[in-house]
Amino acid sequence: MAKEFWRWKEYNWKDDSINWQNGSIITAGVDVGSVSSQAVVLVDGELFAFSNMRTGSNSPMSAQNAMNWALENTGMTLQNIHYTVGTGYGRVNVPFANKTITEIACHARGANKMYGSSIRTLLDMGGQDCKAISCDEKGKVTNFLMNDKCAAGTGRGMEVFADLLSLPIEEIGDLSFQIEVEPEPVSSTCVIFAKSEATGLLRAGWPKNKVLAAYSSAMAHRVVSLLERIEIKEDFAITGGIAKNSGVVKRLEKELGIKALKTTYDTQIAGAFGAALFAKALVEKERK
Amino acid sequence: MIANYGYKDGSGDFFISIDTEKCNGCGDCLPVCPANVLEIRENEFDPMAEDLMAAVKDEHRKKIKYSCAPCKGEGRLLPCIAACELNAIAHSW
Numbered sequence: 001m002a003k004e005f006w007r008w009k010e011y012n013w014k015d016d017s018i019n020w021q022n023g024s025i026i027t028a029g030v031d032v033g034s035v036s037s038q039a040v041v042l043v044d045g046e047l048f049a050f051s052n053m054r055t056g057s058n059s060p061m062s063a064q065n066a067m068n069w070a071l072e073n074t075g076m077t078l079q080n081i082h083y084t085v086g087t088g089y090g091r092v093n094v095p096f097a098n099k100t101i102t103e104i105a106c107h108a109r110g111a112n113k114m115y116g117s118s119i120r121t122l123l124d125m126g127g128q129d130c131k132a133i134s135c136d137e138k139g140k141v142t143n144f145l146m147n148d149k150c151a152a153g154t155g156r157g158m159e160v161f162a163d164l165l166s167l168p169i170e171e172i173g174d175l176s177f178q179i180e181v182e183p184e185p186v187s188s189t190c191v192i193f194a195k196s197e198a199t200g201l202l203r204a205g206w207p208k209n210k211v212l213a214a215y216s217s218a219m220a221h222r223v224v225s226l227l228e229r230i231e232i233k234e235d236f237a238i239t240g241g242i243a244k245n246s247g248v249v250k251r252l253e254k255e256l257g258i259k260a261l262k263t264t265y266d267t268q269i270a271g272a273f274g275a276a277l278f279a280k281a282l283v284e285k286e287r288k
Numbered sequence: 001m002i003a004n005y006g007y008k009d010g011s012g013d014f015f016i017s018i019d020t021e022k023c024n025g026c027g028d029c030l031p032v033c034p035a036n037v038l039e040i041r042e043n044e045f046d047p048m049a050e051d052l053m054a055a056v057k058d059e060h061r062k063k064i065k066y067s068c069a070p071c072k073g074e075g076r077l078l079p080c081i082a083a084c085e086l087n088a089i090a091h092s093w
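If you read the sequences in order, they're chains A and B.
Residues in the first sequence are numbered consecutively from 1, following this note's numbering.
Residues in the second sequence are numbered consecutively from 1, following this note's numbering.
So that you can see chain B by itself, here it is in the shape it has in the complex (with noise of 0.2 Å):
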């Protein structure tokens, strides 16, 4: 499953993906983020399952763009995307 957190508004779309087929739940990607954004939690979206997720915080969902905005530059590699080695998250701006 992809999970898309974050919105989208008149400034232009604001997510962050999730690949449930990729994460682990490692939790790899938490320490590196400077804001705090993600966490590891149980995917809520598959109730009858019982693995673990990177997810965003709820704290976060509606003003990534400015949480992210700190790691964000021209041809800068993502902390989070960098440190994940399945290659589950993904950045749509």
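Just chain A, same shape as in the assembly (with noise of 0.2 Å):
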């Protein structure tokens, strides 16, 4: 079998000092992507367990596995979960969620936790859609939008290309700057149209790693033409999968002049984080 470049590592991860038993609170958000899914699970507001894998073709499925491989070796099982929240471009294909809530607001919740209140401006690289948002100091949207209509600027689309180069996703960021010097983006816009621009570069004899490089900063400088329509302000912040590729994440804070703030968790689990805090905020509202 071919070598599939594209995918990229799933795993999960638990946190062995939290005693989930002693938790008032279990909540739980399952963000379903159009290609990731993330399920995880919070003791009373604090990252205990998540899952990050790709999403099948079967959404209820996606949401399931996801859950289940979250939950794996913590003794924990969806009857112990008080509130589940279903996100995401699959939110209403979780059959044990409590209630669906938009991504949007989701990842505006989960990066306020993530990266610290101060985030004003965020950027969701998604696997099949690009989402700029602005928020205030609770998390709250203040101002959004949405580009699902095109793959230039998502994950997908940068996985079309480490496909195109035979180079592993993960290092596809790192290899761009192995350069001599950086050349002038791809100009299409389209990812198929930039796929076929790519396969003429290559074929004047351009190196792969250049032909990254060109693609990187299309990308980045796509996506910065959204930013400019809700107005760029500090903090600012990327998540999703694209949040992870330094290629276009430098290419990305060079033509906006400003540094995108870091964080130890996984950048992909923003909307998952989000609505599982959502899902804290509600039972609270209900016990009161």
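The set of hints was computed from the structure by calculation and includes no laboratory data.
All C-beta atoms in this analysis are idealised placements derived from N, C-alpha and C, irrespective of residue type, glycine included.
Among the hints, a few may not be true.
[Claimed, not checked] Okay, derived cross-link-like pairs now, DSSO-like style, lysine-lysine, Cα gap no bigger than 27 Å in a straight line:
1) A/149 to B/65
2) A/14 to A/244
3) A/285 to A/99
4) B/57 to A/140
5) B/57 to A/9
6) A/254 to A/149
7) A/233 to B/22
8) A/250 to A/195
9) A/9 to B/65
10) A/250 to A/208
11) A/208 to A/140
12) A/138 to B/22
13) B/72 to A/140
14) B/57 to A/3
15) A/3 to A/140
16) A/259 to A/244
[Unchecked claim] Sample of chain A residues at the chain B side, in silico, Cβ under 10 Å:
17) 57
18) 144
19) 149
20) 189
21) 230
22) 232
23) 236
Using the hints, build the complex out of the two chains.
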């Protein structure tokens, strides 16, 4: 079988220092995205466990699989969770969710926790869409726009390029800097046309890394124009899978003239994290 | 909150913005739209509140350039904008 260069690592994680049995509110957030799904479990608002995996062709199964994987070896079962919020593209397909909330609200809420309350502008570069969000100190959305009409500026676009160039997706960020001079960005916005353009550049003798650099800067340029519409205020952060791609992040920072905040959390769990935080707030509201 | 519904593509920026600070969910903008682009729904971006707001229907979100085209013309006031006494609606193009 041919190597799947686009395939990123799926994994789960748990915090062994938390004894969930002592927690008073246990909530979960499940973000079924178009490319990846995450389940996050919080104990009294603190991250206890999560999983991050690919969304299969069956959304309800993806939600279930992500949840089962997050709970693996924790001793916790679905019955122990007081409230679950589903979010993301496939949020209506989370069979065990008590409520669904749009991923825009969840990302803002999650980023507020992951990056701190100073965050004002958030860029979520997801698998199949790209969202520019302004938020206040409470993580409440004040302005947003979403591009889900075209694959430019999305993880899926990057997957296409990893495959075309036969370079592992987790390495292409750094590889795009192993070049002599920064090339002009590819001129096509559309991923399909950009791929055709890149094929032409390869044929013209461009090294792979240089093609990658040209595509990464085109992607950065594309999302900057989305961000400009909502006005960029600091602090600024990026969530989603592309936040892990230094090739896009650094070029984006350069074009904006500002640095994106860093986090120790996985940038892909922002949506599910926010959903679980909303779940906690909803439980507290109910218990009052 | 400003909710921007629409998209950006090679031919331009096409967004309808709803200012939820101004919009009270009265629905006066709905019947005047010949293409039925707008609807009233819960403010889904603030899950803890329970207020209503005007929003662009999902089926129009990715084609509003075309849905709104019949109303667009040089210097013409758009019916949805004219119907909104609270000035909550704006078009980017």
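Broken hints, by number: Hints 5, 9, 11, 13, 14, 15, 17, 22, 23 not satisfied by this model.
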